[in-house]
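Once you've looked at the hints, go ahead and assemble the two chains, each given alone in its own frame, into the complex.
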Amino acid sequence: MKIRKIVTALLLVSVIWAMEGQVWAEQKININVKTVLASHGRKYSDPLLTAFINKLKSIFRYSSYQLLSQNEMRLGIGETRTASLAGDRTLKITALGIGETRAELRLVIFKKRKRIFKTIIHLLNNASIIVGGPKYKDGFLLFNIYGSF
Amino acid sequence: MKREYARCDPAILNRFFDQELGQEERAAFSQHLKDCPSCQKALRENEHISAVFKAGLDKELSQINFNALDHKVSGLIRRKKSRWWMMLKDFFASRKFFVPATAAAAILILTFSLTRGPASLSGPSAIINSLTGDVSSVMIIETPKSRQTIIWFSEIS
Chain A
1 MKIRKIVTAL
11 LLVSVIWAME
21 GQVWAEQKIN
31 INVKTVLASH
41 GRKYSDPLLT
51 AFINKLKSIF
61 RYSSYQLLSQ
71 NEMRLGIGET
81 RTASLAGDRT
91 LKITALGIGE
101 TRAELRLVIF
111 KKRKRIFKTI
121 IHLLNNASII
131 VGGPKYKDGF
141 LLFNIYGSF
Chain B
1001 MKREYARCDP
1011 AILNRFFDQE
1021 LGQEERAAFS
1031 QHLKDCPSCQ
1041 KALRENEHIS
1051 AVFKAGLDKE
1061 LSQINFNALD
1071 HKVSGLIRRK
1081 KSRWWMMLKD
1091 FFASRKFFVP
1101 ATAAAAILIL
1111 TFSLTRGPAS
1121 LSGPSAIINS
1131 LTGDVSSVMI
1141 IETPKSRQTI
1151 IWFSEIS
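Note that the protein sequences, when read in sequence, are chains A and B. 1 is the number of the first residue of the first sequence in my numbering; add one for each residue after it. 1001 is the number of the first residue of the second sequence in my numbering; add one for each residue after it.
Don't read these hints as lab results, they were simulated from the structure. Values in this document were obtained by computation on a predicted structure and should not be read as measured data. Be aware that a few hints might be false.
[What the hints assert, rightly or not] Simulated restraints on C-beta separations:
#: 1; chain 1: B; residue 1: K1145; chain 2: A; residue 2: P47; range: 22 to 28 Å
#: 2; chain 1: B; residue 1: S1157; chain 2: A; residue 2: I59; range: 20 to 26 Å
#: 3; chain 1: B; residue 1: L1131; chain 2: A; residue 2: I59; range: 18 to 24 Å
#: 4; chain 1: A; residue 1: K137; chain 2: B; residue 2: K1145; range: 26 to 32 Å
#: 5; chain 1: B; residue 1: A1103; chain 2: A; residue 2: T94; range: 24 to 30 Å
#: 6; chain 1: B; residue 1: S1157; chain 2: A; residue 2: Q27; range: 20 to 26 Å
#: 7; chain 1: A; residue 1: A9; chain 2: B; residue 2: I1064; range: 28 to 34 Å
[What the hints assert, rightly or not] Chain A regions said to be covered by chain B (calculated; three or more residues, Cβ under 8 Å):
#: 8; segment: 41 to 47
#: 9; segment: 64 to 76
#: 10; segment: 87 to 94
#: 11; segment: 101 to 111
Virtual Cβ for every residue (Gly too), placed ideally from N, Cα, C.
Chain B with its partners taken away, still in its complex shape (with noise of 0.2 Å):
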């Protein structure tokens, strides 16, 4: 069914202006235009509305250098990326971190050393600490060259 415009309707001529009609509302508002003088008058105020916008728009872009503004997101870009691992250089660049690791290596050295003590590479090759038991007699000997122990007991028969 063909459609057909009688009256003026703002909003079908800022459609039409944006080119947003269908085929056949594109070509019944353009035989409504054809006869009616005050939506010519108000597409030609859109036109020009839109031509002083778009040489003003023109105007600014032209002024924009789009090599430094990429330069400077990319710049901020980096930045807030490595801002963690300067906030954990200045952490453990700080006395926060500073004092006590120090104090904890300096309690961790002197624990060990403290409680390991002084290692003893030679000697006999076991120490009696103490020897009890039902025997008759007992004999604790070391060998002179090897430092070998012996314990050479006799059981009470």
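One chain only, chain A, in its complex shape (with noise of 0.2 Å):
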């Protein structure tokens, strides 16, 4: 009688377990993408990048941070999506996988069409990885992507 009792347990984790993967399996990425002109010029935060302001102090010694553009995509594996950079720039997102603390993603960076930069990331999930260098008028682009699932 114990036996059975505690095959019937088992029985009923697995089948949660291999519910939880099949959820696992389908799930999606929320990916964020701001794009942020950081410059020597007058002092100015941007009141748009409140929360992030801070962490962007705490890495960079700019004194100018302005939010230029922010796009919001949700992907699931193997999809692909397209954020307009500043300066003729766009980024392609790709989900590659999902696992369980981290996503997999492919990070194109293109300027006029021509590919200047590619990377395969592997995401923390609530975490983000900022891409920066690009000039652009009189400061420099930082890409914040951050990425939830």
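So this is what it looks like as structure tokens:
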């Protein structure tokens, strides 16, 4: 009788596990791309970057941070979306896989249709990667790519 | 029109005995019965047989315990109703179910525990797997406290 109860419990656990695995397999990743212009000009902190500004200030030594654009997207595995960036640049993001704690993403930056940068990353859940460096106007562009799943 | 029975008819006699005749037929046969000794005799015989049979039936019925019979029939119905449940119970308790169920549970648990792997809860915000491009320089930085990953590149001008 005791064994029967244990087997029933094991079956139940495995079925729940299998169902959870199915949900996991169908997961999607929410991505937010913020394009920020960082410069040494007049001191300025964009009010739209309130939640993000302290992080930027702790990493970079620029005096001005201005949000140029923001893109939201939801990607399933194998799906690609494009975000328009400043200065004729576009960012193509492809979700290659979603694991338990990290998602595998391919990021490709184009400038006037020419591919200038390509990387494959494993992004932690509820975390971001900052890609920066391209010159724009009197400063530099920073792309904060945040992912949650 | 008044009906009269001039001759003996056993079928009419039986229907008379069973009180199946209509009012008019009954009156006519009663009239015939007064003057017909053979029908009177047949009627008496019928009454006797009926009385004997009824007495036997009453005797048999008086010996039946209806409460016990009712209890027995109800029990049979209940048993018939619960038979599927018993079969289901027997099936789950049997090895036919027990062994494959255990095997299925073991396979499922093994499969999912092997395919999912251990969870790593911390680390840099992003791990760079590969990086290519038309760039003059690239720096990959990880901040010490927040472990924020930064890729800083310079475009070829």
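- Query: For this structure, which hints from the list above don't hold up?
  - Reply: 5, 6, 7, 8, 9 and 10
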